[in-house]
Amino acid sequence: MSKIVITPPRRLNLPKWRELWEAREVAYRFGQRDVILRYRQTAVGVIWVLLQPLVAAGVFSIVFGNLAGLPTDGVPYFLFSYVGMLAWNFFNGLVSRASGSLVANQALVAKVFFPRMLVPLSSVFAVLLDFLVALALGIVLLFVYGVNPGWGFLLMPVWLMCLLLFSLGLSLAASALMVKYRDVMYVIPWVLQIGLYATPIAYSLSAVPEGFRWLFYANPLAWIIELVRGSLLGTTPSQVWLAPAAILVSVVVAFLGVLVFQSREREFADLI
Amino acid sequence: MHRLRHPLERPEFEEFSALSGINFEIPFGEAVGIIGRNGAGKSTLLKVLTRITAPTTGRIELGGRVGSLLEVGTGFHPELTGRENIFLNGALLGMRRSEITRRFDEIVDFSGVAKFLETPVKRYSSGMYVRLAFSVAAHLETEILAIDEVLAVGDAEFRNKSLAKMRDVAKDGRTVLYVSHQMATVTALCTQAIFLAGGKLVHSGSVDDVLEMYRDSFETVAQTTAVASRRPGTGELRASDVRVADTIFTSVDDKVIEIDVPANLESIGSYFISCHINDANGIVITKCDSRLVEAWFDPEHDQQVQLTVSGIWFAPGRYTIDVFICRMGILDAWEGAATFEVLPELPYPETMNDEAIQGALVLSDFEYARR
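One line per chain: the protein sequences are A and B, in this order. Residues 132 to 403 in this note's numbering are what the first sequence lists, from first letter to last. Residues 2 to 372 in this note's numbering are what the second sequence lists, from first letter to last.
Nothing false has been slipped in among the hints.
One side of the interface only, derived from the structure: several residues of chain A facing chain B at Cβ under 8 Å: (1) 140; (2) 167; (3) 171; (4) 242; (5) 243; (6) 400.
Only pairs whose alpha carbons sit at most 25 Å apart, straight line, appear in this in silico PhoX-like list of lysine-lysine: (7) B:201 <-> A:242; (8) A:147 <-> A:242; (9) A:311 <-> A:242; (10) A:147 <-> A:311; (11) B:162 <-> B:172; (12) B:162 <-> B:116; (13) A:242 <-> B:166; (14) B:116 <-> B:166; (15) A:242 <-> B:123; (16) A:242 <-> A:134; (17) A:147 <-> A:134; (18) A:134 <-> B:172.
These are calculated hints, taken from the structure and not from any lab test. All values derive from a computational prediction rather than experimental measurement. Where is the CB? At the ideal position from N, CA and C, for every residue including glycine.
Produce the complete structure using the sequences and hints provided.
Right under this line is the structure:
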């Protein structure tokens, strides 16, 4: 019989990985719940997943591709913005779902014990499912446009992992802060809205005037999106350092997110 | 308003320890009742033991997994079907998937909702909902089970079934921690008890001893609440005196309670009074809310209110009266404002020993007739 010892948490409160792993069923059930709930009592169900990035990319290609005539490094504009939206939707979906997840599950957090981190982590399931469906459509589009991504395509999972870690790190910190400060709830949609335009999704970095470019390079999400785009469309990333920097930053952000989350975990049930 | 003008100012707070100096050991296979008045720290203790909140100091050692059967239905999602909810809730309560699958049929059987497994639980009646939720929790296979006042759910039949189930759990050699106000279920279920008061462990021992102490504790509460400024409530109005016309009644006497509330010209709008009569176990026997009889009082005048309670036959014993003065919220909460005694002199033609009325909350005027 296993013995459990409860002591006051220490200052640096690293998660108990074994406990997390043993409770993985909770995350899985939460994920399943999210997926089921999203499409129960909807008329067209899963088609929503395809419709969202398609419509967004369509609007972008009309506004930015045709009207503004932004350059895309020689890739068909629709495909260019579709792939951008693919990565952006993953980030956007994960951050907006996961950051509010603790507050949305208030009753559970206040009444039942389970590793709290599973709540924001479980948002990954639904978002990843959306991503994979949209990615499949993206691959179809590659054939339609006759674009060959080349061997770089094999690195796609690596950049996806970076995107996942980066988004999760931010979400974990945001969800933990939201328990005490509901201000976070108002800030996040606003930041995400600005982020959509501040990140090179509808345009490529080469469209940005030289003088401003450093500002865009200060955004790690821009690096990751450029790498994802590179691996899918066969374009070369604009800087050599993007790849190692993206890996480093996403690991660091994920780690910091975990630390912020853990340092606040003990007060969740009392404050939420 | 203040918060609007100074949005960045931090509210002042004082530190409060809900529990301190709690030290006890529970052997395996005991069913332990945790007893105490409101705010004694019972639920906090259970929350710390079930790891919902972390302690600030101290050390707890648990000889196994803890399952908690806190509020029924937390973790149920209204849109999911009964089947999906069983798996979700089971996982939340700490069951592994294999455990849930193994006991799935038992859970469904116990709840009696087999026919509606594929229906979203939002379409369930509240009784079905509660039964299903309880069944999942009752089939937890953890070594320690924590229960917070949940046995009082469902209809009488289901309640008895649940109580029996809980007793089986304890017999299996698993440890049960049970928090309740209902002394009857504590005596029925528990083999040991812990008495908490003001966040401190007062006594840990046999159920009878602890219940005895719990009953006595009502008197000390009456003393501390006699000082008006120390009572809860906004304090806009304070009852100055609560008297019982006679401190000793027989069962059938009208119980006359007099309440004095001095005027406060700054208090605007009429208020109402709610009077609770509790028996020695702290169970509320009756609530006399003046709104029910359209009695409202004007704070501009001194009020001398007389409340007459008739129409119930109180069982012999000691009773305490809580007086609440309310308008939009509670202005004054005076627990244990007065006490009275009902003589052990039964209002029936025959004299019997106690056993004839034992366990009854109230007595009644009844008749048997041959037809």
